[in-house]
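Protein chains: 2
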Amino acid sequence: MPNITFLPANVSIEIDPDENLLRAAMKAGVHINSSCGGAGVCNKCRIFVEQGEVKGETLPEGGWKACQTFPVSDVVVRVPVESEVDRKVLRRPMAQKAASWIKVHTKSTSWELHPVVQKYLVHLPKPSLQDSASDLERLKREIGQKRPQAISPEVDSHVLSTLPESVRKRDWDATVSLMEGTERDIHRLIRVEPGDSTSQHLAVAVDVGTTTVSAQLIDLKTGEAIEEVSDYNPQISYGEDVISRMEFAKKGDGFKTLQEKIIECLNRLIGELCSKSGRKKEALSLISLAGNTVMMHFLLGLDTRFLRSNPYTPVATQFPPVRAIDLGMDVPEHVYMFLVPCVASYVGADIVAGVVGVGINHHPELTLFIDIGTNGEIVLGNQDWMACAACSAGPAFEGGGMRHGMRATTGAIEVVHIHPVTFEPMILTIGGKKAKGICGSGIISLLAGLFMAGVLDQRGKFYKDLDTERVRPGRDGWEYVVIGAKSTAIAQDIVFTEADIENLIRAKGAMFAGYFTLLESVGMGFEDLERVILAGNFGSYLDLDQAITIGLLPDIPRDRFFFAGNTSLLGARASAISLPVTRELHKVAKMMTHFDLSSNPRFMDHYVSSLFLPHTDQNLFPSVRLE
Amino acid sequence: MPNITFLPANVSIEIDPDENLLRAAMKAGVHINSSCGGAGVCNKCRIFVEQGEVKGETLPEGGWKACQTFPVSDVVVRVPVESEVDRKVLRRPMAQKAASWIKVHTKSTSWELHPVVQKYLVHLPKPSLQDSASDLERLKREIGQKRPQAISPEVDSHVLSTLPESVRKRDWDATVSLMEGTERDIHRLIRVEPGDSTSQHLAVAVDVGTTTVSAQLIDLKTGEAIEEVSDYNPQISYGEDVISRMEFAKKGDGFKTLQEKIIECLNRLIGELCSKSGRKKEALSLISLAGNTVMMHFLLGLDTRFLRSNPYTPVATQFPPVRAIDLGMDVPEHVYMFLVPCVASYVGADIVAGVVGVGINHHPELTLFIDIGTNGEIVLGNQDWMACAACSAGPAFEGGGMRHGMRATTGAIEVVHIHPVTFEPMILTIGGKKAKGICGSGIISLLAGLFMAGVLDQRGKFYKDLDTERVRPGRDGWEYVVIGAKSTAIAQDIVFTEADIENLIRAKGAMFAGYFTLLESVGMGFEDLERVILAGNFGSYLDLDQAITIGLLPDIPRDRFFFAGNTSLLGARASAISLPVTRELHKVAKMMTHFDLSSNPRFMDHYVSSLFLPHTDQNLFPSVRLE
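Which chain is which? The protein sequence lines are A and B, in order. Residue numbers for the first sequence follow my numbering, so the first one is 1 and each next one is one higher. Residue numbers for the second sequence follow my numbering, so the first one is 1 and each next one is one higher.
Since the hints were derived computationally from the structure, they do not count as laboratory data. Mixed in with the good hints there might be a few duds.
Same chains, same names: a pair is fine if it fits in one copy or spans any two.
[Stated by the list, open to error] Here are the simulated DSBU-like pairs of lysine-lysine, each with C-alpha atoms no more than 35 Å apart in a straight line:
no. : residue 1 : residue 2
1   : Lys276    : Lys464
2   : Lys251    : Lys221
3   : Lys281    : Lys587
4   : Lys256    : Lys281
5   : Lys146    : Lys280
6   : Lys146    : Lys44
7   : Lys119    : Lys587
8   : Lys433    : Lys55
9   : Lys119    : Lys251
Work out the full structure: start from the sequences and follow the hints.
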């Protein structure tokens, strides 16, 4: 890996030869002005190469475009004075997530490999006049030999229709699939196949998110995921968020439409998993699935009317295993879906799956589990107890309700650094394309950057006397021009407004007040937190220090923070490969104490106190130094 | 009831005023010649009224037609000399079943009223922000109050789709239907209705016979049958007997057609039960059903290929409860069908239901349970043990394979008496219509009558030197003319041939050898039998002494014989109203030791010895005096 040294700061970093020098600078904490996000059009990111070899684009006035230039050897680069970084910025490296976030260890090997559905090869003695027991009795006897607890399983009636053929086709060798009870010690015979098919034993684990649906194909012989696919949740056409979808569901057959859409999506994803991996759908033994409470209701075709309004009552939070074909799934008839249980209307199966997926239920450490989205869900606890709550953070962190907010796709501004003297931005977009808008991590990056650079005050208002034209009055009050129209893909200025900032502060305030209220409810404080685990892909893009700077995360030692990716999918996968995990999921869902924050007066107090950057109580954020 | 005295025999009998004097004579054991079966056309049944008043038809030559004449007061009748009965006949009264058969006590009150599905009225506390448990959790809490064992029931997923509406519609009053496990102590929530519907709690019990399907509507609040209907099994169009239907099932979608036909029939019968009783199908809580093993397979759409041929292996003998709509039943979705278990290919659920229905499993007396049909099924045992067997008796007793055999419908000859001197018959038909053929009881009656009158020898061959034109050579060897063509409804002589008799002797021989073999297998003899219970409607028409005379039933004291009607339906009904009975059915099906007679050399020996009237070993039939 080439080593890049930036002068005059004299900061070095090793990077992948595929990475351009603008990204290298961002990682190293070196500010280089850049407006176009790395698209090679603003020509602001000029650097000079002093030693070593590079390839890329030069500028007519001399030097290279950092965003279009790649190292061939170790390189020493000088950043010209117009972009030179000052010491103050260096004190706090930017975009240091690789160092500060610790990826939670989530290898499947930490779960006991014991799927809810197990396959056994049995050999039956041939019937005779002296032993003319029915095919089923004959089979049960052999099952009893292999697995004495299962000698008298419940039998799915569809098994019987192919039973005579299945046991005779391979000379009385057959493979039986037994499903164990998740709550009781009972067994259910769900499938009989001719011959030995024990090696064909797959599961699909699914996370149904409001926006994205992700699915993994899992080999139940090893517990390993062999393929993963994802797609947008097609229900998006009927509403961006759960509230608007529940409104749609109320109208006529709306809820059926939403059910059909998600089922179609699951069928498509399972088809993709099979075709990509070259495995057959017939090898599927089970599906396990998690999602938020609303998604679980839509999936099962349940009425969400009473979930929608006070007191927010779900139809059910624990769901029986359901035959997949009964929901319209295009899978073999023996396949059951195991649905991770929910806790309450806004603390869903995705959270329960996440908590168990990352193993909070197996550790003594006091852990705060956070899922930031439209609704921020919070779980506090350890192996002995858990408390949970949801706070309506609003969609700001997903780019919703922001003038130029967008999802994290190509052209979204994902990282911004603001020069503390010139107030000029250094911008990276996803895919290095011209910017179309700002996604979640970019928004937090912008808010934190503007605040740290002294462009914003603690109330989130712009200082209006700064020596920069980027801060100006606009349609929604004052705003900061992130990129001028000519360098964007949308032919208009991309701006960040005081209204946007107000939304963001409310969102982060709701989250923080949530942590505070939960901790306080159990007589604890932030100092007692031994781990903070951030769920969702958000964590992988979010700069930890920036998130603390704006008061979205508590200011505690950085080595207590972990990010865990899609923990809902992780828990669904754990459930697919492990009956003990499935049982734990139900136990955990039952043990979680749900706090309704909306009716909690302490929450309102904490919320109001949190509507500052980082917080009205500066003592809560000792490491955020405002100079 | 008018008292009728027949002279010169000086025999009296009380009869219903709706009964004609020919039937009265048959009951009293008085022979009156009659050829037309009571249709009033042969004019042979002339009697003279000496005292009392009658109404009816007189004959031109004087006297009354006995078959068309009814008593108005007590009556003394003289039978003219041409029909005078002799003392020999009087020694053994004819058609005395009312005296000799004892109807088994089968009142439902002897079964614990505890249906597999129970209804409970619950009242839920309204949800609030402080208690926002899901509708299902809320319901489970209340269920736990009513029935602590059921606090955590399994939940049918279809329950959830109407749950929010159901609990809210009647101000949080709801009726839950809980189904108990037949094998395990588990509960399943299958239905939630708004308000109090505990009074609407019905079951349908069904016997699916090869020929006839019978169904009862049962009020589960009282255990009483409130309506009963029956119809021919529409599968008859695809084969009269189980063998030909199994042949049909093999071809293409044959088995599906047979399944559809029986389901259509059940739907129709349930519709009739509801419309006749004015009850709603929505009040149905469960269906319980029995039938022979082949019928059970057809009902479930199971492959009968291996049931058809050696070693006669059923797919299953114990069937899981199955959702009725999954079989295409037109009933509410919460309705499960409980299928009585079978023992083996030819000892089906109808037999298990019968054995439990008449309570053999609750009595210490050694009991022989007999079901005579195409396949004669036999169970021997008591509360501690049971052995069972099937013997292919053939369809002779149902009129099958007989020149003029027919089912027991209008116009079938049901009782015959043969005058021991003149060899003239006295005939009654069902409905008093002109004869079309001879049904089962008529066939036995004919065989016994001809044998006792000295028309047949012990091998079942006609004596050819008798002074009667009724015995004559015919197409199939020698035959007896029961009715001449001009008095029948079919414009041809109705005859009873030596070929018919051979079939009958084989059939009764198979049954008798069956009893003998089973008894012998357990080291017992006929003298040990404390009860003989005859299943089926056959028993209500069959003359006990005649059946013993031909060797169809063992010659033991007559007060040990009982007939029990449709015991399969009886057991299905017992199962519908009583979970303990349902559990007993499974226990009994498992405890029965099945003997395969076809491969048993002792059976062959006994069979050959039984091909005589009544038997080669005269000592087995001490009360049958051949003079």
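> Looking back at the hints listed earlier, which ones does the structure fail to meet?
Replying inline: 1, 2, 6
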